[in-house]
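**Q** Given the structure of chain A, go ahead and fit chains B and C onto it with the hints provided.
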Amino acid sequence: MLKFLPRRLLQLVPTLFLVSVLIFGLQQLLPGDPALVMAGEERDPAVIEQIRRQYRLDQPLPMQYLHWIGNVLSGDLGESMRIKQPVSELITAKLPVTVQLATMAMVFALLIGIPAGILSAVKRGSAWDVGANVFALWGLSTPNFWLGIMLIFLFSVKLGWLPASGFVSPFEDWRQSLATTVMPAFVLGNAIAAVLMRHMRSAMLQAMGSDYVRTARAKGLVEKTVVLKHALRNALTPVITLGALEFGTLLSGAVLTEQVFSIPGFGKLIVDAVFNRDYAVVQGVVLVTATVYILLNLLADVLYVLVNPRLRD
Amino acid sequence: MAAIAASAGAPTAVHDSPARRALRRLLARRTAVFGLVVVGVMVALALFAPWIAPFDPLATRFMAIRMSPDAAHWFGTDEVGRDLLSRVIWGGRASLAAGVISVSIAVGVGVPLGMLAGYVGGVIDAVVSRITDAMLAIPFLILAIALAAFLGPSLGNAMIAIGITATPIFVRLARGQVLAVRAEDYVEAARAVGNPPARILLRHILPNILPPVIVQATLAIAAAIIAEASLSFLGLGQQPPAPSWGSMLNTAQRFLTQAPWMAIFPGLAIFVSVLAFNLLGDGLRDALDPKS
Amino acid sequence: MNFKYGRPSARLAALALALGLALAGGAQAQSTLRIGLAEDPDVLDPTLARTYVGRIVFASICDKLFDIDEKLNVVPQLALSQQVSPDGKAVTIKLRPGVKFHDGEPFDAEAAKFSLDRHLTMQGSFRRAEINQVDRVEVVDPLTIRLQLKSPFSPLIAQLTDRAGMMVSPKAAKAAGDKFGTAPVCAGPYKFVERVPQDRIVVERFKDYWDARRVTIERIVYRPIQDSTVRLANLKSGQLDLLERLLATDVDEVKKDSKLRLATGTELGYQGLTINVANGEKANNPLGKNAKVRQAFELALDRETINKVVFNGLQKVDNQWVPQASPFHMDKFPTPKRDLAKARTLIKESGVATPIAIDFMVPNNPESRAVAEVMQAMTAEAGFDLKIRVTEFATSLNEAEKGNFHLYFLAWSGRTDPDGNIFSFASCGGPLNYGKFCDKKVDELLTQARTATTFSVRKTLYEQAAAEILPRGGVIYLYHRTLLFAHSPKLAGFKVMPDGLIRVTDLKLQ
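Protein chains in written order, with our numbering: chain A, 950 to 1262; chain B, 89 to 380; chain C, 1158 to 1667.
If you're looking for bench data, these hints aren't it; they were derived computationally from the structure.
Among the hints, a few may not be true.
To be verified - Heads up, incomplete: computed chain A residues facing chain B, CB under 8 Å, no partners named:
(1) Leu958
(2) Gln960
(3) Pro963
(4) Leu971
(5) Ile972
(6) Leu978
(7) Val1079
(8) Asn1082
(9) Trp1087
(10) Arg1147
(11) His1148
(12) Thr1164
(13) Leu1200
(14) Leu1205
(15) Ile1219
(16) Val1235
Heads up, the beta-carbon is just placed ideally off N, CA and C, and yes, glycines get one too.
Bound-form chain A, shown alone (with noise of 0.2 Å):
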């Protein structure tokens, strides 16, 4: 049944690798000295070279790479050049953060894009299916960073209701947590919404012109029973998988978003990261957030064939 697992397990090595290529070349060729962005203000020149030396600046890149990639396998991350802190400890730290943020998110995004996906197919044509598609299409027609400018100025500084910006953890005041993280779950959740809502006018357009429910149908069963039972049904299988896909677009979002609204996030950390070079950040972090993608589609492709019996063989 599942004979393509084992094939897929093992493009993973291949696949991993190349994203450590990639990642690890993509901060080299960025412009800049690291050691001259940690150098300070003063630059001392004596500073400069010591840094060079003690982060291996000055030895050719394949070495750096090799060096790079043995400390991860090892279990070793790195640290971060700015701080002196472990890249393991500040992924622990963030990772928390993200996935709350990530949750609430797909939380308004399934709250947004189903309703507005179902509207929209059942009342296919009318002034209903123009308004349900604008409703969830906004979200993605704006730029997230500044709709969260805009709901910030809104509901912080008019209105007083929530706090502009940082995050305070579910397990200090799950109160005061939530108010954190409310505007910019928001944010994020509305671009997924719009992608979910698709899928489910599609899924439920198909459903609904499917032999399955033309049957209730002709046995006379109630056209709103008819929808929501049968059609819903079907249609929320390929939708529930699309949540694993859609965490590269969290993930995305969150970088201005979380910038916007100062949460310590993983977008937030891998921004600052590259502006400020910090080399082992970024390679840490991305391979990190990008094994966790893979493996979540992974996951969503094994879901999807187990909970659709027709594909199972």
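**A** Here is chains B and C on its own, set in the frame of chain A:
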């Protein structure tokens, strides 16, 4: 039906060619029509900017900074006294060009590569697929930032960066489509007759996989416009003083309370254009989808 | 619904109140000061730190041998007095008795020597260049140290009012090694509690501080919020009590808001234009090689208009490297006003064909970009074609090193002693001399100025140097920035210091 589509260029005795049928379906949907019209207007504004814009978008007037909209300046002026309406129109040029050119790069590189990988299979497929997987595994914006920073901050380089980052999507799409139609009868027939692979790919396969590519390209233009705005927000896109909607938003956020029009109009412009491309793309998907 | 700016309606006030209480964390007894920073500091180790924001945090946790007051005078902190030997090569410093480090260890001459040696010898120390004239540190008695210098160095005490003078606990430093920055132990009014990178730094009151009666606030939380608009939004909505680096364009808004207070001061540094006079190929540009063109460029600029358009007139325009408040400011060199006619004439006389293309490297932040755009419009009228190249930070450092620019828009945060604002920039081979300006006579004058010990002698030397540097040197100075802070009215006692660092003593939260 696929066979008819394959020879869509040849004159046909049937009144309703699939292309015309698709067009009718497209125009039947209100949202798609809206999208088409708006996109058309945007393109026209961008093309005829030099003749439409009332002022020089680069002309500064230090005595008239941050003036609210009035009869002379319909959209007001910005922080160094430039006419905002003109800048939005010219900015549309930059943003639309960013969208169209970057997606053209992605399609131009990605589709042939994907077709090749899907048709030929074997090692080429393995290599292309792994590279595509690797690129897709890295968050899109990170890739774009790194590339844009590497190439140097400019609108052109931002376009290239976005284009390269979007290529894997089209590789995967084209490849998937080729795999789906590879086993179809007409392809088998073409191969049996002795056509060289290049001919098969160009004349028989490409026209069939074009519809989803067109849909995806339209949607990708929408995403690319947003991506350009994001890069400009980080300072990696259009350089001052030349306008682009993204860089105008970037400047405007400091003046939200004093001069909100600086933010409202470029923001609205992005919203309307991107929404239009999205609606158009969705409409195209409905229209070109043979199943519905 | 009628919204008055910032005031929620009654129903929502209840919700806001609930959130506010939740925000206070229920700890009503403990007062917490929340400060918004413009960036996340780097490593919190005085020896290894290199960012400006880091110094703001250090102001609460790490006391120094000396400090400065608003008038830029040196005042005692962990040291009581200093005496320079007649030949200028030995400085005797008497230390304050009864001081403890955060871990309870006593502060004495041994600890002072340890800290200074650490700055001088630790691998990766950024302080070495600041006090490298110190040959060795001697312990004279438990409360007195003597610094033996390689040659006289008048800016030394000024250096000891900053990170180079910060004292660390020898016990903690030895135990932590280069990880000291993750949990610094110093002798300041507050001690380090925790740090979540890019989120917050928390410090709490040190009960055994030598001046404890001036410290009333229990806790301080530093929160880095890079976006200035969002930072201000946080202050307005009550999540912050104080923020630094308010944007000039937000000043009017803060002034009009009865729930906010504005605090200003003038910085120690400057904003200027670095000219590539001798750094690599791009040094062959009319601006760097032709004195008339350079003069024309400066005359084409209207500093006052730049100030008005971009900063609402808030900055202090100037043409020198020390602020007007400094006794070293030279009034005999007034700031030139714009003279477009003369600029055009000079260009014609110079024989260089117009438009004169200039590659202008500008850092990637909104205010710099705005200034660049204004400059572009102004200089175009005289015949210059300023090509603005916005470059992000890391890249610009590289470009500056390699000399890949004609003009570079660069700011300097400033040091207490004028030597700190000029020597590294104008001496041959100075590490911050990106334009590679080199003049033997100027070098002589600047070196003499840093070894002379009398104020009048030093000032005369700087004036002589200025006569050479201002017309031909590697920098055109534009203005000194006004330090802008905004805070809630609950905060009392906040004074802006010229170095822009937030002093935490004598602050009260109501």
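**Q** For every hint, state whether the structure bears it out.
**A** Going through the hints against the structure:
1. Leu958: At about 13 Å, which exceeds the 8 Å cut-off, the nearest Cβ of chain B leaves the hint on A/Leu958 violated.
2. Gln960: holds, 7 Å
3. Pro963: Holds, because the Cβ-Cβ distance from A/Pro963 to chain B comes to roughly 5 Å (cut-off 8 Å).
4. Leu971: holds, 6 Å
5. Ile972: Where the cut-off is 8 Å and the nearest Cβ of chain B is about 6 Å from A/Ile972, the hint holds.
6. Leu978: It holds, given that the least Cβ distance between A/Leu978 and chain B is near 4 Å, below 8 Å.
7. Val1079: holds, 5 Å
8. Asn1082: Given a least distance of 5 Å, the restraint on A/Asn1082 holds.
9. Trp1087: holds, 7 Å
10. Arg1147: holds, 7 Å
11. His1148: This interface hint is violated because 11 Å lies over the 8 Å limit.
12. Thr1164: violated, 19 Å
13. Leu1200: holds, 4 Å
14. Leu1205: holds, 6 Å
15. Ile1219: With Cβ-Cβ at 6 Å, under 8 Å, it holds.
16. Val1235: Where the cut-off is 8 Å and the nearest Cβ of chain B is about 6 Å from A/Val1235, the hint holds.
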